[in-house]
Amino acid sequence: MFGTCKISIDRKRIEAPDVPVAERRVRAEDIPALAALWEAWFGDIDLAVVPEDSVLDWISVNIRIHSSTLLIGGEIAGYVRYEEGHPDKIKSFLARDRQAAQAHLRYMNSKIADKAVTEVECPFIRKRRRSGR
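Numbering (the working numbering) for the sequence shown: 39 to 171.
Hints are computed from structural coordinates only; laboratory data are not their basis.
Remember, predicted model here, so these are calculated numbers, not experimental data.
Don't take every hint at face value.
To be verified - Quick list of the computed label-pair ranges, beta carbon to beta carbon:
1) Glu122 / Ile45: 20 to 28 Å
2) Ala154 / Lys44: 13 to 21 Å
3) Glu90 / Asp152: 34 to 42 Å
4) Val88 / Lys153: 19 to 27 Å
5) Glu113 / Glu90: 21 to 29 Å
6) Asp56 / Glu90: 33 to 41 Å
7) Gly112 / Ala154: 33 to 41 Å
8) Asp152 / Asp82: 30 to 38 Å
9) Ile103 / Asp152: 12 to 20 Å
What the hints assert, rightly or not - Derived lysine-lysine pairs resembling DSS-like cross-links, with alpha carbons at most 25 Å apart:
10) Lys50 / Lys153
11) Lys149 / Lys127
12) Lys44 / Lys153
13) Lys50 / Lys129
14) Lys149 / Lys129
15) Lys50 / Lys127
16) Lys149 / Lys44
17) Lys127 / Lys153
18) Lys153 / Lys129
19) Lys50 / Lys149
20) Lys127 / Lys44
From the three backbone atoms N, C-alpha and C, an ideal C-beta is built for every residue, glycine too.
All chains, full assembly: derive it from the sequences and hints.
The structure is reproduced here in structure tokens:
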């Protein structure tokens with residue numbers, strides 16, 4: 039059985055951005071860093087679909103879906119996928135560490151223009167266990 043696991047975070051509980059986060063389209067040179075992030079987060083999940091070395095594995099063919107590399111201080115710190123106009127409904131999320139994850143979530147929250155939106159939906163944020171595999 040396949041499915042998704044999401045959490046909803048009350049926007050009032052998300053602090054204002056405190057670290058500048060830059061967002062850009064995924065580039066070919068980003069793939070090794072993104073693949074390493076994916077491995078750290080999902081490498082121990084047996085049924086996970088492993089993205090390959092192609093940009094096509096990291097972007098969507100749907101022009102309304104934004105697939106972005108997130109940068110902090112000019113360095114790759116994460117990845118996010120969301121539908122245009124709906125940064126409150128994150129479809130995919132990776133971050134290099136806890137601080138980057140918090141910065142990315144704050145950044146995504148700051149992109150929400152609709153004041154009626156009260157929550158941010160995010161895939162369950164899970165970091166790979168260190169027990170080794």
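Hint by hint, here is what the structure shows:
1. With their beta carbons about 22 Å apart, Glu122 and Ile45 fall inside the hinted range of 20 to 28 Å.
2. Our hint of 13 to 21 Å for Ala154 and Lys44 holds, since their Cβ atoms are close to 20 Å apart.
3. Between Glu90 and Asp152 the CB atoms are about 36 Å apart, so this pair conforms to the stated range of 34 to 42 Å.
4. As the Cβ distance of Val88 to Lys153 is approximately 39 Å, the hint placing it in 19 to 27 Å is violated.
5. With their beta carbons about 23 Å apart, Glu113 and Glu90 fall inside the hinted range of 21 to 29 Å.
6. Judged by the Cβ atoms, the range 33 to 41 Å given for Asp56 and Glu90 holds: they are separated by roughly 35 Å.
7. For Gly112 and Ala154, the Cβ-Cβ distance of about 35 Å falls inside the hinted range of 33 to 41 Å, so the restraint holds.
8. Checked against the hint of 30 to 38 Å, the C-beta distance between Asp152 and Asp82 comes to roughly 37 Å, which is consistent with it.
9. The supplied range of 12 to 20 Å is met by Ile103 and Asp152, whose beta-carbon atoms lie about 18 Å from each other.
10. Distance restraint check for Lys50 and Lys153: the Cα-Cα separation of roughly 11 Å lies within the 25 Å cut-off, and the hinted pair is therefore satisfied.
11. For the hint pairing Lys149 with Lys127, the CA-to-CA distance comes to about 11 Å; that is within 25 Å, so the pair holds.
12. Between Lys44 and Lys153, the direct Cα distance comes to roughly 22 Å. Compliance with the 25 Å bound is thereby established for this hinted pair.
13. About 21 Å separates the Cα atoms of Lys50 and Lys129, which keeps this hinted pair within 25 Å; it holds.
14. For the hint pairing Lys149 with Lys129, the CA-to-CA distance comes to about 15 Å; that is within 25 Å, so the pair holds.
15. Proximity of Lys50 to Lys127 is assessed by CA-CA distance (about 16 Å); at most 25 Å being required, the pair is judged to hold.
16. At most 25 Å may separate the alpha-carbon atoms for a hinted pair to count; Lys149 and Lys44 meet this at roughly 20 Å.
17. Between Lys127 and Lys153 the CA atoms are separated by roughly 15 Å; this keeps the pair inside 25 Å, and the hint holds.
18. In summary, the hint linking Lys153 to Lys129 is supported, as the alpha carbons are separated by about 21 Å, within the 25 Å threshold.
19. In summary, the hint linking Lys50 to Lys149 is supported, as the alpha carbons are separated by about 14 Å, within the 25 Å threshold.
20. At roughly 10 Å between alpha-carbon atoms, Lys127 and Lys44 fall within 25 Å of each other, so this suggested pair holds.
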